[in-house]
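**Student:** Residue-level listing of the chains:
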Amino acid sequence: MKVLTISEMISLGKSPEIIFWVGCAGSFDERAKKITKAFVEILNKAQVSFAVLGNEEGCSGDPAKRAGNEFLFQMQAMTNIQVLNGYNIKKIVTSCPHCFNTLKNEYPDLGGNYDVIHHTQFINYLIKENKITIVGGSFKGKKITFHDPCYLGRANNIFEAPRELIKKLDAELVEMKSCKEKAMCCGAGGAQMFKESEPGNIDVNLERTSQAIETSAGIVASGCPFCNIMLNDGIKHYESENEIKIMDLAELVNQASKI
Amino acid sequence: MNYIPNLIFAFCFFFATFFFVRNIRKIYRNINLGIPINRSDNNKQRWIQMTKMAFGQSKMIDKPIVGLLHLIVYLGFIIINIELLEILTDGFLGTHRVFAPYLGGFYNFLIGSFEIFAFLVLISVIIFLVRRNVLNTRRFLNPEMKGWPKNDANIILYAEILLMSLFLTMNAADYWLQLNYDNSIYINVGYFPISQFLVPLFDNFEISSVVFVERTAWWLHIIGIFIFLNYLYYSKHLHILLAFPNTYFSNLNSLGKLSNLKSVTNEVKMMMDPNSDSFAQNSSNTDIDKFGASDVFDLNKIQLLNSYTCTECGRCTSECPANITGKKLSPRKIMMDTRDRLEEVGKNIDNNNGNFKPDGNELLNNRITAEELWACTSCNACVQACPLGIDPLSIIIDMRRYLVMEKSAAPSEINNMMNNIENNGAPWPFNQMDKLNWKNEL
Ligand code: SF4
Ligand code: SF4
Chain B
1 MKVLTISEMI SLGKSPEIIF WVGCAGSFDE RAKKITKAFV EILNKAQVSF
51 AVLGNEEGCS GDPAKRAGNE FLFQMQAMTN IQVLNGYNIK KIVTSCPHCF
101 NTLKNEYPDL GGNYDVIHHT QFINYLIKEN KITIVGGSFK GKKITFHDPC
151 YLGRANNIFE APRELIKKLD AELVEMKSCK EKAMCCGAGG AQMFKESEPG
201 NIDVNLERTS QAIETSAGIV ASGCPFCNIM LNDGIKHYES ENEIKIMDLA
251 ELVNQASKI
Chain D
1 MNYIPNLIFA FCFFFATFFF VRNIRKIYRN INLGIPINRS DNNKQRWIQM
51 TKMAFGQSKM IDKPIVGLLH LIVYLGFIII NIELLEILTD GFLGTHRVFA
101 PYLGGFYNFL IGSFEIFAFL VLISVIIFLV RRNVLNTRRF LNPEMKGWPK
151 NDANIILYAE ILLMSLFLTM NAADYWLQLN YDNSIYINVG YFPISQFLVP
201 LFDNFEISSV VFVERTAWWL HIIGIFIFLN YLYYSKHLHI LLAFPNTYFS
251 NLNSLGKLSN LKSVTNEVKM MMDPNSDSFA QNSSNTDIDK FGASDVFDLN
301 KIQLLNSYTC TECGRCTSEC PANITGKKLS PRKIMMDTRD RLEEVGKNID
351 NNNGNFKPDG NELLNNRITA EELWACTSCN ACVQACPLGI DPLSIIIDMR
401 RYLVMEKSAA PSEINNMMNN IENNGAPWPF NQMDKLNWKN EL
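Heads up: the sequence lines are chains B and D, in that order.
Read left to right, the first sequence gives residues 1 to 259 (my numbering).
Read left to right, the second sequence gives residues 1 to 442 (my numbering).
If you're looking for bench data, these hints aren't it; they were derived computationally from the structure.
Take the hints with a grain of salt, since some may be wrong.
Unchecked claim - Only some residues are given here: those of chain B computed to face chain D with a beta carbon under 8 Å:
{"#": "1", "residue": "LYS65"}
{"#": "2", "residue": "CYS150"}
{"#": "3", "residue": "GLY187"}
{"#": "4", "residue": "ILE229"}
Claimed, not checked - Here are the simulated DSS-like pairs of lysine-lysine, each with C-alpha atoms no more than 27 Å apart in a straight line:
{"#": "5", "chain 1": "D", "residue 1": "LYS269", "chain 2": "D", "residue 2": "LYS347"}
{"#": "6", "chain 1": "B", "residue 1": "LYS182", "chain 2": "D", "residue 2": "LYS269"}
{"#": "7", "chain 1": "B", "residue 1": "LYS245", "chain 2": "D", "residue 2": "LYS439"}
{"#": "8", "chain 1": "D", "residue 1": "LYS439", "chain 2": "B", "residue 2": "LYS37"}
{"#": "9", "chain 1": "B", "residue 1": "LYS33", "chain 2": "B", "residue 2": "LYS142"}
{"#": "10", "chain 1": "D", "residue 1": "LYS439", "chain 2": "B", "residue 2": "LYS177"}
{"#": "11", "chain 1": "B", "residue 1": "LYS195", "chain 2": "B", "residue 2": "LYS258"}
{"#": "12", "chain 1": "B", "residue 1": "LYS33", "chain 2": "D", "residue 2": "LYS63"}
{"#": "13", "chain 1": "D", "residue 1": "LYS236", "chain 2": "D", "residue 2": "LYS52"}
{"#": "14", "chain 1": "D", "residue 1": "LYS357", "chain 2": "D", "residue 2": "LYS439"}
{"#": "15", "chain 1": "B", "residue 1": "LYS90", "chain 2": "B", "residue 2": "LYS167"}
{"#": "16", "chain 1": "B", "residue 1": "LYS168", "chain 2": "B", "residue 2": "LYS195"}
{"#": "17", "chain 1": "B", "residue 1": "LYS37", "chain 2": "B", "residue 2": "LYS140"}
{"#": "18", "chain 1": "D", "residue 1": "LYS407", "chain 2": "B", "residue 2": "LYS195"}
{"#": "19", "chain 1": "B", "residue 1": "LYS128", "chain 2": "B", "residue 2": "LYS236"}
{"#": "20", "chain 1": "B", "residue 1": "LYS180", "chain 2": "D", "residue 2": "LYS59"}
{"#": "21", "chain 1": "B", "residue 1": "LYS195", "chain 2": "D", "residue 2": "LYS328"}
{"#": "22", "chain 1": "D", "residue 1": "LYS301", "chain 2": "B", "residue 2": "LYS180"}
{"#": "23", "chain 1": "B", "residue 1": "LYS34", "chain 2": "B", "residue 2": "LYS236"}
{"#": "24", "chain 1": "B", "residue 1": "LYS90", "chain 2": "D", "residue 2": "LYS269"}
{"#": "25", "chain 1": "B", "residue 1": "LYS143", "chain 2": "B", "residue 2": "LYS195"}
{"#": "26", "chain 1": "D", "residue 1": "LYS439", "chain 2": "D", "residue 2": "LYS301"}
{"#": "27", "chain 1": "B", "residue 1": "LYS45", "chain 2": "D", "residue 2": "LYS439"}
{"#": "28", "chain 1": "B", "residue 1": "LYS177", "chain 2": "B", "residue 2": "LYS167"}
{"#": "29", "chain 1": "D", "residue 1": "LYS357", "chain 2": "B", "residue 2": "LYS182"}
{"#": "30", "chain 1": "B", "residue 1": "LYS182", "chain 2": "D", "residue 2": "LYS407"}
{"#": "31", "chain 1": "D", "residue 1": "LYS328", "chain 2": "B", "residue 2": "LYS14"}
{"#": "32", "chain 1": "D", "residue 1": "LYS439", "chain 2": "B", "residue 2": "LYS2"}
{"#": "33", "chain 1": "B", "residue 1": "LYS177", "chain 2": "B", "residue 2": "LYS14"}
{"#": "34", "chain 1": "B", "residue 1": "LYS167", "chain 2": "B", "residue 2": "LYS131"}
{"#": "35", "chain 1": "B", "residue 1": "LYS168", "chain 2": "B", "residue 2": "LYS180"}
{"#": "36", "chain 1": "B", "residue 1": "LYS131", "chain 2": "D", "residue 2": "LYS52"}
Each residue gets a CB set at the ideal place from its N, CA and C atoms; glycine is no exception.
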């Protein structure tokens, strides 16, 4: 498996077509790392010329900004922009909707202008270009529901790219009682991931997980490492790990794809 | 000829208009207490947005039945108000149904449509009353809906019933006179499709009593409208006017984009590169910016306009994941608190010759607590749900900015997360040098 950093690539005298922005969850969280690996496998199968920033990639600043620390956010953003602009990066693909949103919408005001693509969009593109092919069958007839990440769906109006992938898997797409524009949050956004919740009746992720369980789908697909972590906690809480799997679309496509 | 009714009418009209204009100017002044924000871009897209959301009520379709009833009341309101033109003209000139002779058959058609709308509005409003008071709709039961907000909603509905009933009674009496009283005032002008069914009620009346009923209903109806006009300012019903500017000026960016704080950008640039020109810019700038918002003065004008526009429908709150799961946060309450504080500030200014006298109160803590602010997941469900294009999230974020940047008052886990980002470049305590370790596990 080939993963080069941008500096390695440049020292080889090459420049990558895209930068894969891994994000903090994708780099450090045990569950989310599997998503990163699956996506890297897809990139390799499709022979995409890509590089990562490695330890030059800092936190995008999303949780700091949403917690209200605009200072810290802008310091992070400007540091990252220096790196990205230094390498003359044009195109960034990321598997984290929070990084996606921040890089796409909030970096331009600070001098970072890139073509930012979510990995579900990019995988769709790879399939359309015949760079990878889905070998049908393994998901045929299986029920999959899709949890819209807030920062992909409502925040950036990307509702169809992930759903198209599910259809391409030949699976039956079932929707939760709240979906698309009205999808319920998993509870991680706005820096909630990093703190205990305020007093209430139930945790947000448990409420959302029970909506997913109601669909009786065997797989809950998502496109966000944070949603994945939150829903996994939910499934564990309801002791439904055997009936339901929380999977990223990169993992599902990787399982079903060949070159 | 007796001019006293005309004079009384003219007096009522100017009195009502005077107070209405005074209230509108107050709202305008209060909104201008906010920080300027530039929303003069993309005119075309803004017109489209306003047409869709305010005229077309595009987001009301989300709940189809309620949306339809609301549409009827709204169309009824606009269409029946065409009749107001005639009522005002009659009032000033002392005429009676002044347009009838000129419009002929079309007049019959117009009055007929007004009556049908009035009837539909009556039915819709009765359904609304039942829904609000009998059916226990969850979003009308949140704590912020106790007291005045609940009464306000009901008062408006009762007022609407009263106005529609007066309109139909007036027409019924008029029609009876047209049929039974041979004179030059009550000439036959149409069929009155709804109020004709009320006509038999007057069958045993003297002509003079029916004239009295007709006149009384006419006067009460128009005075009722004048009162309604002035009640708006004290009511969530301001949205029938402010929906238009509010949707015009509302955010056109992707919902995920939070505002960029320029003042911070200058300081950060200075820190990262002391030789940059923002250093020069900044040192010449003597007043020190306050970061974030703790009171209405720190919010921008659009946020303040939002607060006056909010119709307290609770569509935001019923989609809010924090509220659904029993947290204190309610985006509707954020908007109502902002408006109530702005009103308080406005009254303070009125009472102190146009200057605000510090009153020891603020929006933060006195009305909106840190507990509410920290429960938000920034999911934008509230923004998406609002039929009027209101953005409660932006206020929440501005207040968090104040808590964090001015008061260092974040929850301790949030402080840990921020320390990690600052020191390790990740929200967790992992070393940035290890960021690519996953590669070795491939
Ligand atoms: S953005 Fe915050 S206030 Fe709005 S719905 Fe989501 S959690 Fe609630
Ligand atoms: S903010 Fe919008 S959705 Fe929420 S109560 Fe006000 S008008 Fe309704």
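**Student:** Would you list, in rising numerical order, the hints stated earlier that this structure does not obey?
**Tutor:** Hint check: 4, 5, 6, 10, 11, 12, 14, 15, 16, 19, 22, 25, 26, 29, 30, 31, 33 and 36 fail, others pass.
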